[in-house]
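Each chain, letter by letter, is given below.
Number of protein chains: 2
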Amino acid sequence: MIKVVLIGSGNVAHHLIASFLQIQNFSNEFELIQVFSRSSTVFLQLDASKITSDYNLIKEADIYIIAVSDSAITEVSNQIPFKNKLVVHTSGSVSIDKLNNSNRKGVFYPLQTFSKNKEINFKEIPIFIECQNEADLILLEKIAHLLSDSVYRIDSSQRKSLHVAAVFVNNFVNHLYKLANDICTEHQLPFEVLKPLIQETTEKIMIMQPENAQTGPASRNDIETIKSHLESITNENQKKIYELLTQSILANAKKL
Amino acid sequence: MIKVVLIGSGNVAHHLIASFLQIQNFSNEFELIQVFSRSSTVFLQLDASKITSDYNLIKEADIYIIAVSDSAITEVSNQIPFKNKLVVHTSGSVSIDKLNNSNRKGVFYPLQTFSKNKEINFKEIPIFIECQNEADLILLEKIAHLLSDSVYRIDSSQRKSLHVAAVFVNNFVNHLYKLANDICTEHQLPFEVLKPLIQETTEKIMIMQPENAQTGPASRNDIETIKSHLESITNENQKKIYELLTQSILANAKKL
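From first to last, the protein sequence lines stand for chains A and B. Each residue of the first sequence is one higher than the one before, counting from 0 in numbering that gives the first Met the number 0. Each residue of the second sequence is one higher than the one before, counting from 0 in numbering that gives the first Met the number 0.
Think of the hints as simulated: they come from the structure by calculation, not from any bench. Cβ coordinates follow ideal geometry from the N, Cα and C atoms, glycine included. Among the hints, a few may not be true.
[Stated by the list, open to error] Derived contacts from chain A toward chain B, CB cut-off under 8 Å, selection only:
#, residue
1, 3
2, 58
3, 62
4, 69
5, 71
6, 81
7, 114
8, 148
9, 150
10, 155
11, 177
12, 180
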């Protein structure tokens with residue numbers, strides 16, 4: 000029986016708790032024995048006796064999963080009142096070294112954007128693990144496989160680059176949606192009309208290489224349309240982003 | 000009975016022909032009487048006798064739909080051997096004025112990214128129409144409604160801005176996928192692992208406002224992670240794009 004204590008009450012913690020509770024209904028290898036939460040967040044389906052906000056009351060477990068904001072990871076790991084236990088964080092960008100030295104360290108990074116009010120299927124979320132010794136890695140792998148069908152061993156440097164790539168395909172993509180929404184609003188067009196295009200863009204990338212899915216004025220070196228677009232954009236920030244991304248597509252198209 | 004001649008053999012033409020042929024199986028109000036194609040492209044399900052590559056053989060019809068590349072629209076409209084017919088193009092960025100003056104002008108712009116080898120459902124594609132008189136607009140609207148559930152009347156200026164917005168959510172988004180793919184390749188990570196995140200990013204935008212869906216270091220003003228990301232990016236172009244989009248998200252977060 001693997002005993003798990005989860006620390007945190009944010010989006011990642013919320014989804015991990017929900018998935019762990021589901022798993023333990025079907026597995027007797029695993030139990031979420033306690034959740035530490037400073038806030039008084041209510042976790043549905045989680046017995047109140049299993050929640051604590053006092054570090055002195057944290058139970059002995061096989062693994063402590065710290066799912067808190069990046070800047071709080073070190074401080075939280077300092078508070079764990081045990082020695083030589085496996086303590087992992089769930090961040091894409093924080094080094095494994097930021098965990099307190101008194102325990103064995105690891106990382107358990109689920110690559111997804113989590114929102115509290117939107118259900119997700121953990122089975123499809125890739126989990127990236129890292130540990131300082133093979134036995135811990137095997138334990139972490141076992142837990143990850145209970146949650147997800149795709150589990151990868153990577154090092155801290157790969158994880159940082161993966162996090163950068165995730166920023167490109169999620170944070171930056173969403174910001175482009177925001178800018179397109181602004182353009183629509185400015186010209187009395189409903190953002191809704193872009194949704195089929197957004198959906199098709201995603202569907203294409205599921206089955207095609209990004210360079211083969213590229214279309215539009217920059218990819219066909221259509222300088223006239225690019226000029227005409229730039230003339231029509233009044234917002235300086237939108238214009239700068241249009242120019243830089245267009246240059247990048249043009250440079251890439253030349254290489255092909 | 001509305002008689003239609005379609006001119007072109009590219010991606011948009013290909014999908015329009017396929018959809019028109021489907022429609023005329025169920026409607027006796029409409030017939031695709033001819034396709035003009037310079038190339039010897041084979042259109043499946045289209046009788047060879049209905050294809051011509053000679054402008055002198057173009058038949059009389061109620062509407063001529065020019066689905067060719069932007070730069071060829073004027074030249075093709077000059078070749079139509081009739082006067083005072085309705086002639087429309089399908090481009091998002093070309094002005095209605097670029098069509099030859101000897102015929103009545105219009106625009107029939109389906110907002111989608113078309114690839115020959117990927118089927119699409121025209122019913123869900125918004126079509127934006129523009130004409131110089133109300134009677135033509137009503138005819139164009141009728142044809143558009145046969146194809147799609149969402150039809151909008153807009154002017155050339157709105158259409159240009161819509162096309163710019165489409166460049167942001169499709170061309171630029173796909174290019175960000177390309178850059179993320181490059182980062183993955185450089186660090187021996189499979190691009191596949193980003194696909195659940197890409198899918199979730201799209202699913203969120205279907206139900207949330209872009210500003211509410213925004214997550215990541217820039218949106219939470221996490222300067223330490225941003226610095227650490229910039230240090231890990233070795234490619235100058237990737238770095239410039241990371242910096243500009245991050246600045247744009249930061250500026251936007253401050254306004255909220």
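Consistency of the hints with the structure:
| no. | hint | result |
| --- | --- | --- |
| 1 | 3 | 23 Å, violated |
| 2 | 58 | 31 Å, violated |
| 3 | 62 | 23 Å, violated |
| 4 | 69 | 6 Å, holds |
| 5 | 71 | 12 Å, violated |
| 6 | 81 | 28 Å, violated |
| 7 | 114 | 7 Å, holds |
| 8 | 148 | 10 Å, violated |
| 9 | 150 | 11 Å, violated |
| 10 | 155 | 10 Å, violated |
| 11 | 177 | 4 Å, holds |
| 12 | 180 | 5 Å, holds |
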